[in-house]
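Asker: Protein sequence lines, in the order shown, are assigned to chains A and B.
Taking our numbering, the leading residue of the first sequence gets 1, the next gets one more, and so forth.
Taking our numbering, the leading residue of the second sequence gets 359, the next gets one more, and so forth.
One or more hints might be untrue.
Chain A is faced by these chain B residues, among others (derived, beta-carbon under 8 Å) [unchecked claim]:
| id | residue |
| --- | --- |
| 1 | Pro404 |
| 2 | Gln502 |
| 3 | Leu504 |
| 4 | Ala510 |
| 5 | Glu511 |
| 6 | Ala521 |
| 7 | Val528 |
| 8 | Ala533 |
| 9 | Cys539 |
| 10 | Asp540 |
| 11 | Gly543 |
Restraint-style ranges between C-beta atoms, simulated for each label pair [what the hints assert, rightly or not]:
| id | chain 1 | residue 1 | chain 2 | residue 2 | range |
| --- | --- | --- | --- | --- | --- |
| 12 | B | Leu551 | A | Leu32 | 56 to 62 Å |
| 13 | A | Leu32 | B | His481 | 36 to 42 Å |
| 14 | A | Leu32 | B | Glu511 | 30 to 36 Å |
Don't read these hints as lab results, they were simulated from the structure.
Cβ coordinates follow ideal geometry from the N, Cα and C atoms, glycine included.
2 protein chains.
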Amino acid sequence: MTDTTDMRERAPRPRGPADEHEAAEILASARLRVDPELRAAVDSLPGSLRRIALYHFGWEHADGTPAAGNAGKAIRPALVLTAVRALGGDPLSAIRAATAVELTHNFTLLHDDVMDRDTTRRHRPTAWTVFGDTDAILAGDALQALAQRLLAEDPHPGAPAAAARLAACVVELCAGQRTDCDLEGRAPQEVSLEECLGMVEARTGALLGCACAIGAVYAGAGAETAAALDGFGRQAGLAFQLIDDVIGIWGDPTRTGKPARTDLAVRKKSLPVVAALASGTPEGAALAGLYGRGRPTAVADPELVAQAVERAGGRDWAQSHAADRMSRALGDLARAVPDPERAGGLLALAEYVTRRPY
Amino acid sequence: MTDTTDMRERAPRPRGPADEHEAAEILASARLRVDPELRAAVDSLPGSLRRIALYHFGWEHADGTPAAGNAGKAIRPALVLTAVRALGGDPLSAIRAATAVELTHNFTLLHDDVMDRDTTRRHRPTAWTVFGDTDAILAGDALQALAQRLLAEDPHPGAPAAAARLAACVVELCAGQRTDCDLEGRAPQEVSLEECLGMVEARTGALLGCACAIGAVYAGAGAETAAALDGFGRQAGLAFQLIDDVIGIWGDPTRTGKPARTDLAVRKKSLPVVAALASGTPEGAALAGLYGRGRPTAVADPELVAQAVERAGGRDWAQSHAADRMSRALGDLARAVPDPERAGGLLALAEYVTRRPY
Numbered sequence: 001m002t003d004t005t006d007m008r009e010r011a012p013r014p015r016g017p018a019d020e021h022e023a024a025e026i027l028a029s030a031r032l033r034v035d036p037e038l039r040a041a042v043d044s045l046p047g048s049l050r051r052i053a054l055y056h057f058g059w060e061h062a063d064g065t066p067a068a069g070n071a072g073k074a075i076r077p078a079l080v081l082t083a084v085r086a087l088g089g090d091p092l093s094a095i096r097a098a099t100a101v102e103l104t105h106n107f108t109l110l111h112d113d114v115m116d117r118d119t120t121r122r123h124r125p126t127a128w129t130v131f132g133d134t135d136a137i138l139a140g141d142a143l144q145a146l147a148q149r150l151l152a153e154d155p156h157p158g159a160p161a162a163a164a165r166l167a168a169c170v171v172e173l174c175a176g177q178r179t180d181c182d183l184e185g186r187a188p189q190e191v192s193l194e195e196c197l198g199m200v201e202a203r204t205g206a207l208l209g210c211a212c213a214i215g216a217v218y219a220g221a222g223a224e225t226a227a228a229l230d231g232f233g234r235q236a237g238l239a240f241q242l243i244d245d246v247i248g249i250w251g252d253p254t255r256t257g258k259p260a261r262t263d264l265a266v267r268k269k270s271l272p273v274v275a276a277l278a279s280g281t282p283e284g285a286a287l288a289g290l291y292g293r294g295r296p297t298a299v300a301d302p303e304l305v306a307q308a309v310e311r312a313g314g315r316d317w318a319q320s321h322a323a324d325r326m327s328r329a330l331g332d333l334a335r336a337v338p339d340p341e342r343a344g345g346l347l348a349l350a351e352y353v354t355r356r357p358y
Numbered sequence: 359m360t361d362t363t364d365m366r367e368r369a370p371r372p373r374g375p376a377d378e379h380e381a382a383e384i385l386a387s388a389r390l391r392v393d394p395e396l397r398a399a400v401d402s403l404p405g406s407l408r409r410i411a412l413y414h415f416g417w418e419h420a421d422g423t424p425a426a427g428n429a430g431k432a433i434r435p436a437l438v439l440t441a442v443r444a445l446g447g448d449p450l451s452a453i454r455a456a457t458a459v460e461l462t463h464n465f466t467l468l469h470d471d472v473m474d475r476d477t478t479r480r481h482r483p484t485a486w487t488v489f490g491d492t493d494a495i496l497a498g499d500a501l502q503a504l505a506q507r508l509l510a511e512d513p514h515p516g517a518p519a520a521a522a523r524l525a526a527c528v529v530e531l532c533a534g535q536r537t538d539c540d541l542e543g544r545a546p547q548e549v550s551l552e553e554c555l556g557m558v559e560a561r562t563g564a565l566l567g568c569a570c571a572i573g574a575v576y577a578g579a580g581a582e583t584a585a586a587l588d589g590f591g592r593q594a595g596l597a598f599q600l601i602d603d604v605i606g607i608w609g610d611p612t613r614t615g616k617p618a619r620t621d622l623a624v625r626k627k628s629l630p631v632v633a634a635l636a637s638g639t640p641e642g643a644a645l646a647g648l649y650g651r652g653r654p655t656a657v658a659d660p661e662l663v664a665q666a667v668e669r670a671g672g673r674d675w676a677q678s679h680a681a682d683r684m685s686r687a688l689g690d691l692a693r694a695v696p697d698p699e700r701a702g703g704l705l706a707l708a709e710y711v712t713r714r715p716y
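Pulled out of the complex, with its shape left as it was, chain A reads as follows:
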């Protein structure tokens, strides 16, 4: 997706596998630093709510016995801490802020799973399937509150601005989820590419951007730098989703670990499909016939649909658009952190999320 030759020209170090290693180290370190604060926040919950949160984060099984923990990749807290470091601040000063971002992310996961009726999250049954809708909603509400409480009690001078950014981001995440549900109910031809991109930016890009911007705030950077890092996270988030959508259709199941074509089988309005439908080509019109509303899911062969999307230009569009978004992300990063050596950690994280088995 991203051109590694370009990368080499931008930064003095060799890129590629080394970056992946660097990103993995950054993520593991963020997990280690944030987990104690995250666990303390969850442990502060009253018993009934604590149990749901402990299950959601993978620290307990459904029956309340201890589990190894699988709280995700910690990309968002890693972005906070790495942004602080890139701008010359002390990452240790931002651990509460990084934890608040992670709590907020998990609040939205708990609620999104209820609304979307998703039954699996991080290879385990979702909280609502185990505890019911009410418990999952309440645990999510409590995690949002815990996130804001951490920031409100943080004496760091950047905490109020970070809290305001995080709250504004939650509103954007909610609006994105609202649009997503709205688009789900419409026929694919009635969904514009612009709406779809706006929804993805709100659902995926906003919190990645917010994490980076909060890092800037904690490093004491100015508004322009925070805005540029927000843009970096947003554009990288869009690139990530575009690539994720491509993998969802054309990925090799033996490499991705996901069954092939499931997105097409459930007629998900992923970006390559919407782009193909909006292409104005005869192939796009043919695709509309296969993918229209009201047709039983099983009618069209997902293999044929994938070919139709590709013929209508959906795959090429998604790949070039992902490259374009990644290039915008790198431009924003260069504005916020002109020294490539200092920008290396954020670059590695962006490449990590966008370079996936495929």
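With the hints as your guide, set chain B onto chain A.
Answerer: Same frame as chain A, now just chain B:
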């Protein structure tokens, strides 16, 4: 419930109807001061979420046409502003904080209505019945975020402490709602009075106490004063709920405007019923036979159940316990605001919520 003779001895002014008038004025003034800030916060939401919130607050009909607005009695914002004034602060400095409390209250109403499947709120269909569960959940999430954003952007030195208190209160509200749902699923005999009182304190008392404590924080008062005012609001909230439960069983429908005995018809575990069941009296045992789990709702005549609750001492217990809580509330108030003249506004509000048509 409260003894007005006692009141006259505490404060130099005549009490009774005058207080009611004073409370009504305080509430109307709080509504007037908070509404513009509340409306601005709601108007800042993206379109799809804004529509749900505008409906919930009564500013729009379900079809999006303007409505007169019916955002409730504004008791919580009035407590914030009146507490600030009672402690010698400037209520105008706390309008954002009062609005944040009101937004938080309405976030919990939106979510509670989804979980409890309640279909009516402020004499109108609840948001989830009009827009669906997803929209009501998302609008609630967004209101919690807006509340925290208002405080995070408030330059008042008390804002961070207020934000932390409000977030901690949300966790308590969620735990209270969780306990309430848990108690709903149990047989009345399996519910202890202590659990029930704890649940009511969390669901009703906590936010009233938090509103008063935030007022103290904004007036620059110390931790002890804030704690005393928190206690005042909590105890007044418990007194309110006890009286509300008594009215729900023995209130005169022509005076309360509510149909009689509905709480009993749906086998609600209201405090007088739980007290009667826990009384250890033969009448309590007889009541358990009428009110047990698994019996069809229509079997027991609510009139007979009301008599059984009364014979088992549930009514007397609730009335004397309400008086006891009100007296604790007044003790807390006197500690926080020793000058009765200054305490008059808060006292009037506490009497307003506990002295109801009956």
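Asker: Each hint needs a verdict: does it hold in this structure or not?
Answerer: How the hints compare with the structure:
1. Evaluation of the proline 404 of chain B hint against chain A yields a held restraint, the C-beta minimum of about 4 Å falling below 8 Å.
2. The criterion of a C-beta within 8 Å of any C-beta in chain A is met by glutamine 502 of chain B, whose closest approach is roughly 6 Å, and the hint holds.
3. Checking leucine 504 of chain B against chain A by beta carbon gives a least distance of about 7 Å; that is within 8 Å, so the hint holds.
4. For alanine 510 of chain B, the interface hint holds, the least distance from its beta-carbon to any beta-carbon of chain A being 4 Å, beneath 8 Å.
5. Contact between glutamate 511 of chain B and chain A, as hinted, is supported at the beta carbon level, the nearest pair being about 5 Å apart and thus within 8 Å.
6. The restraint placing alanine 521 of chain B at the interface with chain A holds, with a minimum CB-CB distance near 4 Å, inside the 8 Å limit.
7. Checking valine 528 of chain B against chain A: minimum C-beta separation of about 4 Å stays under 8 Å; hint holds.
8. Interface restraint check for alanine 533 of chain B: the shortest CB-CB distance to chain A comes to about 4 Å, inside 8 Å, so the restraint holds.
9. A hinted interface residue such as cysteine 539 of chain B counts as satisfied when its beta carbon comes closer than 8 Å to some beta carbon of chain A; here the least separation is about 5 Å, so the hint holds.
10. Taken as an interface hint, aspartate 540 of chain B checks out: its beta carbon lies about 7 Å from the nearest beta carbon of chain A, inside 8 Å.
11. Checking glycine 543 of chain B against chain A: minimum C-beta separation of about 10 Å lies over 8 Å; hint violated.
12. At about 46 Å, the CB distance of leucine 551 of chain B to leucine 32 of chain A disagrees with the hint of 56 to 62 Å.
13. Range check, leucine 32 of chain A to histidine 481 of chain B: Cβ separation about 54 Å, and the 36 to 42 Å hint is violated.
14. As the Cβ distance of leucine 32 of chain A to glutamate 511 of chain B is approximately 33 Å, the hint placing it in 30 to 36 Å holds.
Against the hints set out earlier in the document, violations occur for numbers 11, 12, 13.
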